[in-house]
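Q: Dock chain B against the given chain A, drawing on the hints supplied.
2 protein chains.
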Amino acid sequence: MNLDTLYSELTLKTNAKLVLVVLDGLGDIATQAQGDMTPLEAARTPNLDALVAQGCAQGRMLPVAPGITPGSGPGHLGLFGYDPLEYQVGRGVIEALGLGVELKPGDVAARANFCTLDSKGIVTDRRAGRIETAVCEELCGLLSKKIRKIGDAEVTIKAGKGHRFVVLFRGKGLEGPLTDADPHREGLVIPAAEAVNPKSAKAKKAAKLVSDFYKAALPVLAGRKPANGFLMRGIAHQPDIPLFEERYQLKAACLAVYPMYKGLAQLVGMTRLDGPQTIGEQLEQYVAEQDRYGFFFIHYKYTDMYGEDGNFEAKKRAIEEFDVALPVLLRKKPDVLAITGDHSTPCALKGHSWHPQPVLLHSAFSGSDKLLRFTETGANQGSLGLFEAKYLIRLMQANARMFDKFGA
Amino acid sequence: MNLDTLYSELTLKTNAKLVLVVLDGLGDIATQAQGDMTPLEAARTPNLDALVAQGCAQGRMLPVAPGITPGSGPGHLGLFGYDPLEYQVGRGVIEALGLGVELKPGDVAARANFCTLDSKGIVTDRRAGRIETAVCEELCGLLSKKIRKIGDAEVTIKAGKGHRFVVLFRGKGLEGPLTDADPHREGLVIPAAEAVNPKSAKAKKAAKLVSDFYKAALPVLAGRKPANGFLMRGIAHQPDIPLFEERYQLKAACLAVYPMYKGLAQLVGMTRLDGPQTIGEQLEQYVAEQDRYGFFFIHYKYTDMYGEDGNFEAKKRAIEEFDVALPVLLRKKPDVLAITGDHSTPCALKGHSWHPQPVLLHSAFSGSDKLLRFTETGANQGSLGLFEAKYLIRLMQANARMFDKFGA
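Protein chains in written order, with this note's numbering: chain A, 1 to 408; chain B, 1 to 408.
Hints in this document: simulated from the structure, not taken from any laboratory. Any given hint could be a false lead.
Heads up, the list lumps identical chains together, so a pair's fine if it works in one copy or across two of them.
Claimed, not checked - List time: in silico BS3-like cross-link candidates among lysine-lysine, alpha-carbon distance up to 30 Å:
1. 13 - 350
2. 350 - 251
3. 17 - 350
4. 208 - 104
5. 332 - 350
6. 149 - 350
Looking at chain A on its own, in the form it has when it is part of the complex:
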């Protein structure tokens, strides 16, 4: 029997409140240069410490598989309980979500950027001299006005930062992934995007669409300097993902500040609660909305951002800021609270990594691992052990008493 089917069959509806707090990129590594401490270990976290003293289970989670460093897409899909190897979300889709473009299953999205072409169509600058955002917005506006449809597919073009933008095709019978319409270096012409799987008629249709889009769009940009061309990458369709509410019997809300995380939550059918701009405001909104949802995904960006900068002190302070806000959340006593990251972002690596992220689980039935604090080293000794992130919500459901017994 399939494990997901079993979980589904055992699921009982309850009024329990489950809260998943994602401190993005929380996990870190201790190095001698950093005093043999991680930011989480170095941070002053009196409120987390008090929560641990009340009784928490800890452990470490593999975002995907040993040694795999995930992007935000697979990182969050795993956290949401969807096997990141089974549900792959293309880069174009993630980028579109990040710009707040709403997607439907089957939509094909590409990340794009303006470039400079010479008279023979050879790419001479892959970033069009890094044009300013205002110029990008103007050009995207122009393209949007001139090109609303290609064949029977609707086209949406949305500007990003600098020379970046996304293109979305909404039509029938489309599918990714396609190869990049990008030579990946200067001095070559733009190659045609082609179906990665040449047997897929849907992907071939999508490739034709991209080719026709080029035919329509390049003349619009003709004479525009330096941005007289564009490259398209990560061309993929939005996968059809089982809805969170059906999968878990939990009505879910997303409290995130950055569009990409709102988009990832929407991808699985969570409701976006817009407005809050700080973790304090996010937690206040959780308090206000607690009665209306069974599950809350609360996303905090800054641990990742400062990890990417390699800024140990700032990452430590970001954790401390979360700790200061935490009592707001605890006021409402959720039945099950999990605090973790979507992956590690060690300062020493200045980027995402494969190191399992620490996770803390608190409920009336989590038991106590008798640890003094929530840290990477402590989590290594926790009762949750080392497990794949995709099981976290299942453990949260168990702690919410949402599963019937399996067998007699």
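A: Coordinates of chain B only, in the frame set by chain A:
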């Protein structure tokens, strides 16, 4: 290559003695109400402590999968090394085993109970006023006498406690599971049991059998008040499970007191050693029979029973009683000794749970984890880590030097 095939190919026959002691429902959680201790942590266990000091490996085991709370069936099948998702044993089969009814592969069993029907066949009391066991035995005796066969299938009826009994059909080409012949509430007629998989001809045959059984049995009960009807649930066949001895090259014996555990052991082909009524007597019988078997499954019920009662002190004392008896077992120095539970039964939950159970493994080659005691918190730090219970016997075999090297 399939892992089971690999294990099988590497298996060497030896004269090693392997002992698996199951302290049912052993695992627990530490809560503040219980002084931040588990019963295992609170218990005085000088003999276990001495064993740990001699060198043991510890770890924690997932009975089935993260968050899944198993019944005794899946819990023990997992411990015996059979994937509980692959080998599912229906409720009727477990109930029949629990009453000491011997089953063969393909037998279809149902848990049943007497109920009260009105003149229109509507269920007015699903438990027939909770008739006494003696009345149930009398009615089952009557039914057994009148109905020995339905078509070509033999029928066995065995009384349980109060209004409960089991019905066993032994015939050719039968299969479960069937839907319940039980409206699950009063005020409705008894629905017909139907094949869960309507494409299974065997299940349809079983459904017809159940229907014919009702036609034969209801007239026998007519006029009997309050038990003039009966409901049937969990109708399933005994799965065909590979035999323990073939799987592990170990002749296995079961030392259990309660029928269900004897039944589960018989399901995989272990020999029942009847007689002992206390853990001391069970261990004495192990000593007496050690030469005749390679593997012993010794089952101790009371840790689970008191966990279900939420009785921390009694669960602690049950562990202490086991500890007092332990030296009897150690006198015979088994080559490999594992002590664990089939699942956790935390006092705070008053029932089975999903929390990984602690496991202790002792052999000349187990190594020492340098822990002072056998506890949940200690086991979190053990060298066995967190693993699925179905691998435990493989680890025991490895410790018994029963596996050849894989590859050069």
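Q: Look at each hint and say if it fits the structure.
A: Each hint tested on the structure:
no.	hint	verdict
1	13 - 350	between (42 Å within a copy, 20 Å between copies)
2	350 - 251	between (36 Å within a copy, 29 Å between copies)
3	17 - 350	between (35 Å within a copy, 22 Å between copies)
4	208 - 104	within (20 Å within a copy, 48 Å between copies)
5	332 - 350	between (36 Å within a copy, 26 Å between copies)
6	149 - 350	neither (42 Å within a copy, 63 Å between copies)
Hint check: a violation occurs at hint 6 only; the rest are consistent with the structure.
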